[in-house]
Amino acid sequence: MRRFGLHCLLAAGVALALAGRVVAQNGWDADAARLEAAVAASPDDLRAGNDYRMAVIVAARTDRNLVKYDRAIAFFEKLVTDHPTAANAHLNYGFAYVDKIPAAGAITQVILANNALGAFTKSLDLRPSWIGLYTRGNSYLFWPRIFLRTKYGIADLEEALKMQNAEPKRPYHVRTYVSLGDGYWKMDDLPKAIATWKDGLAAFPDSAALRDRLAKQGDDLQKLIDDSYDPSKRVDTSLQDLWTNQ
Amino acid sequence: MRGLLAVAIAALGLALPGGIGAAADRWFEDITEKAGVAKPHRNRVFDNEYAKIMAGYTALGASASVADFNGDGFDDLFVTDSAADGRNHLYRNNKNLTFTDVAEAAGVAAGNDPSNATADALWFDYNNDGRPDLFVVRFGQSQLFENKGNGRFVEVTKASGLTRYANAITAIAFDYDRDGLLDLFVGCYFQPTNLFKPDTPRFFPENFETANNGGGLIAYRNNGNGTFADVTGKIGLRVSGWTLDLGHADADNDGWDDLYVAADFGTDRYFVNNANGTFTDKTEDAIGIDTKKGMNAEWGDYDNDGLLDIYVTNITSDYMREGNFLWHNNGKHTFTDVSRETNTYDTGWGWGGKFFDYDNDGWLDLYVMNGWVSAGPDSYVPDIFEMIIKPGIDLADARNWPPMGNKSLSGYEKKRLFHNEKGRAFSDHAARHGLDSTRDGRGVAVSDFDNDGRLDLFVANANGLPFLYRNVLPAGPHWAAFALQGTTSNRGAVGAQVRVTSGGRTQLRFVDGGNSFAGQSSARLHVGLGDAARLDRVEVRWPSGQKQTFENIPVDRMIRIVEGRAAFTALPAPTAATTSTTGAAAR
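Order-wise, the sequence lines are chains R and W.
Last residue of the first sequence: 246 in the numbering used here, with the numbers rising by one and none dropped.
Last residue of the second sequence: 587 in the numbering used here, with the numbers rising by one and none dropped.
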């Protein structure tokens with residue numbers, strides 16, 4: 001798992017670095033236009049949309065310009081309007097909202113998260129997928145318990161687990177165990193959370209995330225999980241794993 | 001000395017809290033009832049078509065303001081109510097930790113009526129006659145009362161020209177142009193709509209993070225003849241946010257006081273005093289653009305580095321993790337938020353917060369009020385978020401906001417007493433000292449009400465009883481207090497800085513003109529000295545720019561210093577009936 005995590009980071013890092021270099025060399029507007037044209041040419045291409053979003057993150061981080069996130073959101077909004085049946089376009093549309101969350105104020109974060117959920121749902125309605133279920137399920141876990149959405153997250157993640165169990169094992173499947181266990185923990189079902197994390201560790205013995213959870217108790221565990229779902233921290237929405245960890 | 005004390009205490013098997021050893025665990029005693037100040041604040045209940053919606057957003061107005069209005073050497077209290085038939089209270093200090101409400105006789109009780117609601121109050125000597133006058137901050141028409149010096153006040157609002165209608169929530173006074181007179185700065189929450197009979201439903205914040213349809217602030221320059229002139233735009237202070245608090249201090253030690261504006265629903269503002277009677281908005285460079293819910297602007301040098309830092313409360317909950325700001329002053333009008341590192345980040349839904357040294361260890365501690373509305377078991381959070389996520393919703397329209405009813409919103413939150421761990425971090429000692437009440441705190445006023453060298457606390461709670469906490473810190477740590485009187489400077493010496501050197505360190509205190517939300521603390525400067533039994537040096541920098549330095553000042557005494565006079569007066573020690581002693585300035 002450590003290797004997987006490192007690989008993930010490297011992959012994401014390379015993607016971000018490349019995107020950053022492109023931005024630095026050519027200026028954002030030109031590069032954004034080029035990346036957007038690539039996505040528009042293949043609206044259902046998950047990877048093209050992902051590359052564009054990663055470039056947006058780098059560019060926005062470089063000059064702290066939130067307008068870039070808004071441009072991406074507007075772009076994907078038009079994309080799904082023009083191509084309403086492109087499930088992966090909806091997925092990227094949802095991620096575009098998520099990408100802006102850490103840079104937004106506390107209330108806007110709620111609006112963005114809610115919009116993201118709508119896009120993920122549309123994608124799943126069009127074409128159920130592991131990434132769609134995992135993404136939406138995990139998104140629900142970011143909502144404070146008072147909004148009563150954790151149960152929906154668990155339902156999605158249980159479905160994602162079923163789906164991945166019917167497929168060849170992929171390194172990224174470990175994420176489902178982590179999140180599903182977290183969901184049970186958020187619902188105060190610690191035994192089920194522990195059982196899920198243990199199942200995950202049996203399948204992915206190198207998972208630091210699972211080991212950490214199983215090693216902690218009480219307030220320490222709470223802190224770990226609270227930190228994992230802190231909306232002010234950037235969620236890694238890079239989908240690079242999907243095609244680099246086959 | 002301190003080591004011996006620690007050994008002695010340890011031998012007795014007693015607790016050793018942070019900083020100074022103690023013979024008892026709890027250092028504050030609730031004396032609200034026996035002091036005669038147990039009168040509740042009541043929120044305003046509006047009587048209009050938006051009343052059910054407004055009820056949840058106007059749970060404000062509980063405040064406490066300290067001044068020695070009758071000049072008897074003991075601090076008195078003005079405490080507000082907000083109900084339509086509510087009377088404000090002027091608690092005269094009976095010099096024995098009891099108080100008598102003399103508001104009616106003094107002529108300052110009538111702060112509420114169907115068209116006006118009291119929100120805060122400020123003592124300031126508007127006519128520079130040495131007697132603190134009283135400005136009652138209101139939703140509607142605020143009031144200015146002149147202190148006649150015979151226990152009576154006369155309303156001079158109209159004559160003073162302070163007649164601008166505003167939904168004022170806070171006020172401070174300081175001499176921004178250094179002409180020797182206190183100027184008045186009024187922070188306004190709602191825009192100047194008549195909240196009692198609104199002629200439009202669009203008077204709520206247009207959004208939650210960048211709202212610019214609030215009341216902003218009004219700056220009044222003191223003309224020196226009993227009148228004021230509105231100079232808000234002229235001096236560069238035009239803002240349109242939802243102001244909740246104002247705080248002034250000299251951030252860069254250039255002798256000119258700067259201004260922090262804490263704003264709800266949007267960006268706090270930081271204004272640099274240009275030293276020519278104008279200000280420049282330096283928000284972006286100084287603190288950045290935030291989207292939080294600023295509610296408090298308190299200045300104090302928490303790390304004793306000679307620069308005044310700022311504590312701002314925001315909203316921190318599981319549904320909205322904004323976090324408070326502890327702006328560490330880096331110099332040159334730049335600040336870094338160190339609230340996470342110092343453990344002052346999360347207090348809940350924060351309100352007033354005040355720096356003070358409760359254990360006299362020479363480090364400024366911090367007491368923070370928290371909690372919005374504590375009502376029934378159901379939460380209002382889902383209702384408000386359901387509104388927020390409606391596409392295209394017009395938030396400025398009050399009719400779109402859900403009534404709160406009997407639901408709670410960040411209710412039953414504990415107050416926090418942050419003990420300063422030598423300027424590096426803070427630890428919460430509220431529970432230990434019985435200061436962790438869950439009433440909906442708003443303002444805190446700090447004063448040594450019994451002149452015993454230990455700072456006491458008055459806490460104003462919304463829609464509830466207040467608290468008066470007597471500080472019963474065991475004897476041991478030394479202290480000094482300074483009562484300053486300006487001559488060339490304003491008489492109240494607002495803006496004066498005192499640098500006290502003892503035990504190898506220098507502490508900075510300044511006379512603030514009402515900083516911190518819904519609370520005005522004593523104008524006397526209190527300095528804890530720990531185990532340092534002597535003051536090596538005291539430097540006073542007056543608002544006029546004049547500096548005086550004193551040596552051989554006794555500790556554990558109140559010291560009276562008059563601007564330009566070489567001699568100081570040490571008032572009698574609190575526990576001994578000694579006569580005053582005098583000393584002289586070093587240069």
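Simulated from the structure, these hints should not be mistaken for lab results.
Source: prediction; values computed, not measured.
Mixed in with the good hints there might be a few duds.
[Stated by the list, open to error] Counterexamples of contact, computed for chain W against chain R with all Cβ distances above 10 Å:
no.	residue
1	Asp30
2	Ile53
3	Asn207
4	Thr227
5	Thr291
6	Glu322
7	Ser379
8	Pro382
[Said to hold, decoys possible] Label-pair distances were calculated between CB atoms; the ranges are:
no.	chain 1	residue 1	chain 2	residue 2	range
9	W	Thr438	R	Leu242	44 to 50 Å
10	W	Lys148	R	Arg145	56 to 62 Å
11	W	Pro391	R	Leu242	29 to 35 Å
12	W	Asp30	R	Leu224	55 to 61 Å
13	R	Ala202	W	Pro474	19 to 25 Å
[To be verified] Computed list of lysine-lysine pairs in DSBU-like fashion (alpha-carbon distance at most 30 Å, straight line):
no.	chain 1	residue 1	chain 2	residue 2
14	W	Lys390	R	Lys151
15	W	Lys39	W	Lys414
16	R	Lys223	W	Lys407
17	W	Lys234	W	Lys390
18	R	Lys223	W	Lys414
19	W	Lys390	R	Lys122
20	W	Lys197	R	Lys223
21	W	Lys390	R	Lys78
22	R	Lys233	R	Lys192
23	R	Lys233	W	Lys390
24	W	Lys414	W	Lys34
25	W	Lys197	W	Lys39
26	W	Lys407	W	Lys197
27	R	Lys198	R	Lys216
28	R	Lys233	W	Lys414
29	R	Lys151	W	Lys407
30	R	Lys122	R	Lys216
31	R	Lys216	W	Lys414
32	W	Lys282	R	Lys233
33	W	Lys390	W	Lys52
34	W	Lys52	W	Lys282
35	W	Lys332	W	Lys414
36	R	Lys192	R	Lys162
37	R	Lys223	R	Lys192
All C-beta atoms, glycine included, are put in the ideal place defined by N, C-alpha and C.
Tested hints:
1. Every CB of chain R lies more than 10 Å from the CB of Asp30 (chain W), the least distance being 30 Å, so the non-interface label holds.
2. Separation of Ile53 (chain W) from chain R is adequate, the least Cβ-Cβ distance of about 18 Å exceeding the 10 Å criterion.
3. Look at Asn207 (chain W): its CB is around 8 Å from the nearest CB on chain R, not clear of 10 Å, so calling it non-interface is violated.
4. Against chain R, the non-interface label of Thr227 (chain W) holds: every CB pair exceeds 10 Å, the least being about 41 Å.
5. A beta-carbon of chain R is positioned within 10 Å of the beta-carbon of Thr291 (chain W); the least distance is around 3 Å.
6. Not every Cβ of chain R is farther than 10 Å from the Cβ of Glu322 (chain W); the closest lies at roughly 5 Å, contradicting the non-interface assignment.
7. The non-interface label for Ser379 (chain W) is inconsistent with chain R: the shortest C-beta to C-beta separation is roughly 6 Å, within 10 Å.
8. A Cβ of chain R approaches the Cβ of Pro382 (chain W) within 10 Å, the least distance being about 6 Å, so the stated non-interface status is violated.
9. Look at Thr438 (chain W) against Leu242 (chain R): about 49 Å separates their beta carbons, and that is inside 44 to 50 Å.
10. Range check, Lys148 (chain W) to Arg145 (chain R): Cβ separation about 58 Å, and the 56 to 62 Å hint holds.
11. Distance hint check for Pro391 (chain W) and Leu242 (chain R): the Cβ-Cβ separation is about 31 Å, which falls inside the suggested range of 29 to 35 Å.
12. At about 38 Å, the CB distance of Asp30 (chain W) to Leu224 (chain R) disagrees with the hint of 55 to 61 Å.
13. Judged by the Cβ atoms, the range 19 to 25 Å given for Ala202 (chain R) and Pro474 (chain W) is violated: they are separated by roughly 58 Å.
14. For the given pair, Lys390 (chain W) sits about 22 Å from Lys151 (chain R) by alpha-carbon distance, which is consistent with the 30 Å threshold.
15. The suggested pairing of Lys39 (chain W) with Lys414 (chain W) holds, with an alpha-carbon distance near 21 Å, which does not exceed 30 Å.
16. For the suggested pair Lys223 (chain R) and Lys407 (chain W), the alpha carbons sit about 28 Å apart, so the restraint of at most 30 Å is met.
17. Taken as a hint, the Lys234 (chain W) and Lys390 (chain W) pair is broken in the structure, with Cα atoms around 40 Å apart against an allowance of 30 Å.
18. Proposed proximity of Lys223 (chain R) and Lys414 (chain W) is supported: the alpha carbons are some 20 Å apart, at most 30 Å.
19. Straight-line distance between C-alpha atoms of Lys390 (chain W) and Lys122 (chain R) comes to about 18 Å, which keeps the hinted pair within the 30 Å bound.
20. Pair hint Lys197 (chain W) plus Lys223 (chain R) does not hold up; C-alpha atoms about 48 Å apart against a cutoff of 30 Å.
21. This hinted pair checks out: Lys390 (chain W) and Lys78 (chain R) have alpha carbons roughly 20 Å apart, not beyond 30 Å.
22. Between Lys233 (chain R) and Lys192 (chain R), the direct Cα distance comes to roughly 27 Å. Compliance with the 30 Å bound is thereby established for this hinted pair.
23. Between Lys233 (chain R) and Lys390 (chain W), the direct Cα distance comes to roughly 25 Å. Compliance with the 30 Å bound is thereby established for this hinted pair.
24. The hinted pair formed by Lys414 (chain W) and Lys34 (chain W) meets the criterion: a straight-line CA distance of about 24 Å does not exceed 30 Å.
25. Taking the CA atoms of Lys197 (chain W) and Lys39 (chain W), the gap is near 29 Å; set against the 30 Å cutoff, the hint holds.
26. Restraint check: the Cα-Cα separation between Lys407 (chain W) and Lys197 (chain W) comes to about 25 Å, which is no more than 30 Å; the hinted pair holds.
27. Using a Cα cut-off of 30 Å, the hinted pair Lys198 (chain R) and Lys216 (chain R) holds, with the two alpha carbons roughly 13 Å apart.
28. For the hint linking Lys233 (chain R) to Lys414 (chain W), the alpha-carbon distance of about 27 Å falls within 30 Å, and the restraint holds.
29. A hinted pair counts as satisfied when its Cα atoms are at most 30 Å apart, and Lys151 (chain R) with Lys407 (chain W) qualifies at roughly 24 Å.
30. The hinted pair formed by Lys122 (chain R) and Lys216 (chain R) fails the criterion: a straight-line CA distance of about 37 Å is larger than 30 Å.
31. As the CA atoms of Lys216 (chain R) and Lys414 (chain W) are separated by approximately 28 Å, the hinted pair is consistent with the 30 Å bound.
32. Of the pairs offered as hints, the one joining Lys282 (chain W) and Lys233 (chain R) holds, with about 27 Å between alpha carbons and a cut-off of 30 Å not exceeded.
33. For the suggested pair Lys390 (chain W) and Lys52 (chain W), the alpha carbons sit about 21 Å apart, so the restraint of at most 30 Å is met.
34. For a cut-off of 30 Å, the pair hint linking Lys52 (chain W) to Lys282 (chain W) is broken: about 39 Å separates their Cα positions.
35. The straight-line distance between the Cα atoms of Lys332 (chain W) and Lys414 (chain W) is roughly 36 Å, outside the 30 Å bound, and the hint therefore fails.
36. Straight-line distance between C-alpha atoms of Lys192 (chain R) and Lys162 (chain R) comes to about 16 Å, which keeps the hinted pair within the 30 Å bound.
37. For a cut-off of 30 Å, the pair hint linking Lys223 (chain R) to Lys192 (chain R) stands: about 19 Å separates their Cα positions.
The structure fails hints 3, 5, 6, 7, 8, 12, 13, 17, 20, 30, 34 and 35 (numbered hints given earlier, in ascending order).
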